[in-house]
Structures are given as C-alpha cells and as structure tokens.
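Participant: Line order of the protein sequences matches chains B and U. According to my numbering, the stretch in the first sequence is residues 5 to 155, in order. According to my numbering, the stretch in the second sequence is residues 5 to 155, in order.
No lab work stands behind these hints, which were simulated from the structure alone. Among the hints, a few may not be true.
Note that the list lumps identical chains together, so a pair holds whenever it fits in one copy or between two copies.
Here are the simulated lysine to any residue pairs, SDA-like style, with alpha carbons at most 25 Å apart [claimed, not checked]:
| hint | residue 1 | residue 2 |
| --- | --- | --- |
| 1 | K6 | D87 |
| 2 | K131 | S71 |
| 3 | K106 | N11 |
| 4 | K123 | L29 |
| 5 | K131 | L70 |
| 6 | K131 | I10 |
| 7 | K55 | D108 |
| 8 | K123 | S65 |
| 9 | K123 | I84 |
| 10 | K106 | G145 |
| 11 | K131 | M24 |
| 12 | K143 | S79 |
| 13 | K55 | L107 |
| 14 | K55 | K106 |
| 15 | K143 | S71 |
| 16 | K6 | A56 |
| 17 | K6 | K55 |
| 18 | K131 | M76 |
Number of protein chains: 2
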Amino acid sequence: MKVEYINPFLTAAISVFNTMLGTTLTRGEPFLKNGTQPNHEISGIIGLSGKAKGMVVLSLSREAALSVAGIMLDSQPQEINSDVADAVGELTNMIAGAAKAKLDHLEMNLSLPTVITGKTHCIDFPKRTMPICIPFDCKWGPVTVEVGIVE
Amino acid sequence: MKVEYINPFLTAAISVFNTMLGTTLTRGEPFLKNGTQPNHEISGIIGLSGKAKGMVVLSLSREAALSVAGIMLDSQPQEINSDVADAVGELTNMIAGAAKAKLDHLEMNLSLPTVITGKTHCIDFPKRTMPICIPFDCKWGPVTVEVGIVE
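Please model the complete structure; the sequences and the hints are all you need to start from.
Facilitator: Pasting the structure below:
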C-alpha cells in the first residue's frame with residue numbers, strides 16, 4: 005500500500021472524532037499489520053472499490069464503543085447491542101467517506117459498513133495488501149484504524 | 005433487501021464449492037439475520053458498491069476452513085494461519101464475483117476481501133439492510149453465506 009494513502013485516513017479519524025464526538029484522538033506510530041495482532045472488541049469495517057480497492061477497519065475497545073454510541077444515540081447503552089453496532093458502523097462510514105474525498109483521483113465508492121464484535125476477533129487483509137494499522141488513544145481507551153488499499 | 009438478490013449468491017456458493025473444491029453444498033432455509041446469531045469461526049467478508057451497496061460474508065467452521073485451504077493451497081494446514089485466511093478470502097471473492105456477474109444491472113464492484121477469525125465473533129449489518137443468511141452444510145461442516153444489499 006502506498007504511504008500517501010495513510011494520511012487521509014489518519015486525519016479523517018482525528019477530524020471525525022473531534023467534530024462528531026468532541027474527543028481528541030492522540031495518534032501513535034503507524035505499523036504494518038501482519039495479521040497476528042488481534043483487533044479491539046468491536047470493529048467497523050467498510051469496503052472500497054473503484055480505481056483502487058481495499059478495506060478500512062475502525063476498531064474500538066468496549067468502553068470506547070459504548071461511549072461513542074452514548075454520544076451518537078443520545079442515550080447511554082449499557083451493553084454492546086445492535087444500536088451500538090449501528091453507531092460504530094456509522095462512525096466507520098464517516099471516517100471512510102472523509103478519507104475517500106481526499107483520495108478522489110482513485111474514484112472509490114464505499115460499501116455498506118458492517119460491525120464485528122467478539123473479544124478475540126482478528127481481521128486479516130490479503131497478504132499482498134500490506135495493510136497499515138494506525139493506533140490512537142482517546143479518553144475512552146484505545147482505537148485503531150486499519151487500511152489496506154491496492155490499485 | 006430484495007429477495008431476488010438472494011438467489012445469485014446461493015447459486016454462486018454452490019457452484020464455486022462444486023467447481024473449485026469438488027464439494028457439494030446442501031442448502032437450508034434462508035432466514036433474516038437479526039444480529040444475535042454468532043458466525044462460524046472464520047468469515048471472509050467483501051464489500052459491494054455501485055448502483056447498490058452491501059456486504060457479503062462467507063462463514064466457515066474451523067474444519068471447513070482448513071479443508072478448503074488444504075485443497076486451494078495444495079497442502080494441508082494444521083491450524084488457522086494467514087495462508088488459510090488468504091484461501092477463505094479468495095473463496096469469498098469468487099462467490100461474490102460470480103453473484104455480481106448475475107446482478108450486472110446493479111453495476112457493483114468488489115472491495116478487497118478481508119477475513120475475520122475468532123471463536124465467538126458476530127458480524128452485524130446495518131439494521132435497515134435486512135440481511136439474509138443462507139445456511140449450508142457440506143462434508144466438512146456448516147457454511148453460511150450472508151448478504152445485505154441496499155439500492
């Protein structure tokens with residue numbers, strides 16, 4: 005994956021968390037995801053296709069997902085349910101949409117988001133993709149954005 | 005989701021398992037996925053976008069995934085690793101590609117496949133999607149295909 009594709013997703017995540025949730029994301033060092041690192045408990049995932057194709061994953065700790073959903077739904081859920089999943093999916097959609105707008109030469113379209121829950125789930129990209137994981141921290145705990153795109 | 009979108013995925017799964025793996029899939033009754041049913045241990049997922057957008061999920065038991073990978077890789081893996089994930093992703097890609105060809109009026113493109121592993125993972129579609137789960141059985145155990153598409 006080209007390094008210049010990372011920045012639009014990094015800035016989109018920071019911007020969406022700031023605008024939609026009033027929360028600051030602090031970024032760590034992006035690294036190459038090799039498939040052995042488990043994701044956080046809840047992951048929103050959305051497909052990209054066009055002149056390039058790929059997937060974007062937003063992965064959140066349980067606490068972060070519940071807090072995100074509390075703000076987006078305007079009422080605090082106590083457990084991970086389909087409303088929380090919808091909120092995480094919508095947040096993933098916003099981040100992918102904002103990043104896509106900055107990569108308009110790739111003429112990508114977004115799929116529907118889906119949301120994966122499970123304490124030990126792990127999301128693998130195809131090996132040739134060389135996906136990048138961008139770790140973030142926020143007041144609700146860890147958040148990661150993973151991107152794999154090939155032209 | 006329109007009912008006429010289900011059949012292309014159903015026949016694509018049966019055809020790909022037959023052609024690529026020499027294995028017969030026996031179909032059960034499709035049902036509306038409500039988000040509470042956990043997926044099997046390994047799921048390939050691929051996004052669709054165009055005049056309609058959605059996601060397709062191929063979910064396999066551990067034994068089925070290892071057997072699929074054994075045939076596709078031409079050597080039998082003993083555990084779920086990145087080669088198995090790549091094989092499941094490729095199989096998902098073939099099923100989605102065959103179904104897309106039969107839905108060409110929707111002008112959909114495929115994203116990259118990704119593969120989710122985890123004993124208790126659950127994949128949620130957005131509520132408004134009304135995703136359908138098609139359960140299958142084969143000699144290696146249960147297999148499901150889930151599809152959610154909106155125009």
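Participant: Could you figure out if K106 and N11 sit no more than 25 Å apart (CA to CA) within one copy, between two copies, both or neither?
Facilitator: within (9 Å within a copy, 37 Å between copies)
Participant: Check K143 against S71 for me: Cα-Cα at most 25 Å, and say if that holds within a copy, between copies, both or neither.
Facilitator: within (10 Å within a copy, 44 Å between copies)
Participant: Which holds for K131 with L70 at a C-alpha limit of 25 Å: within a copy, between copies, both or neither?
Facilitator: The answer is between: 18 Å across copies meets 25 Å, while 32 Å in one copy does not.
Participant: Can you give me the call for K143 and S79, within, between, both or neither, at a CA distance of at most 25 Å?
Facilitator: within (19 Å within a copy, 47 Å between copies)
Participant: Cα distance capped at 25 Å. Does K123 pair with S65 within a copy, between copies, both, or neither?
Facilitator: both (9 Å within a copy, 18 Å between copies)
Participant: State whether the alpha carbon distance between K123 and L29 is at most 25 Å within one copy, between copies, both, or neither.
Facilitator: For K123 and L29, the Cα distance is within 25 Å only inside one copy (23 Å; across copies 30 Å).
Participant: If the cutoff is 25 Å on CA atoms, where do K131 and M24 land: within, between, both or neither? Let me know, please.
Facilitator: Intra 33 Å, inter 21 Å, cutoff 25 Å: inter-copy only.
Participant: Given identical chains, is K6 near D87, meaning Cα to Cα at most 25 Å, within a copy, between copies, both, or neither?
Facilitator: between (35 Å within a copy, 23 Å between copies)
Participant: Evaluate K106 and G145 at a C-alpha cut-off of 25 Å and name the case that applies: within, between, both or neither.
Facilitator: Intra 27 Å, inter 44 Å, cutoff 25 Å: neither.
Participant: Between the shortest in-copy and the shortest cross-copy C-alpha distance, which are at most 25 Å for K6 and K55: within, between, both, or neither?
Facilitator: Answer is within; shortest intra-copy Cα gap is 14 Å, inter-copy 28 Å.
Participant: With identical chains treated as interchangeable, where does the CA-CA distance between K131 and S71 reach 25 Å or less: within a copy, between copies, both, or neither?
Facilitator: between (33 Å within a copy, 20 Å between copies)
Participant: Within, between, both or neither: how does the pair K123, I84 come out at a Cα-Cα threshold of 25 Å?
Facilitator: both (12 Å within a copy, 17 Å between copies)
Checked against the numbered hints given earlier, this structure breaks only hint 10.
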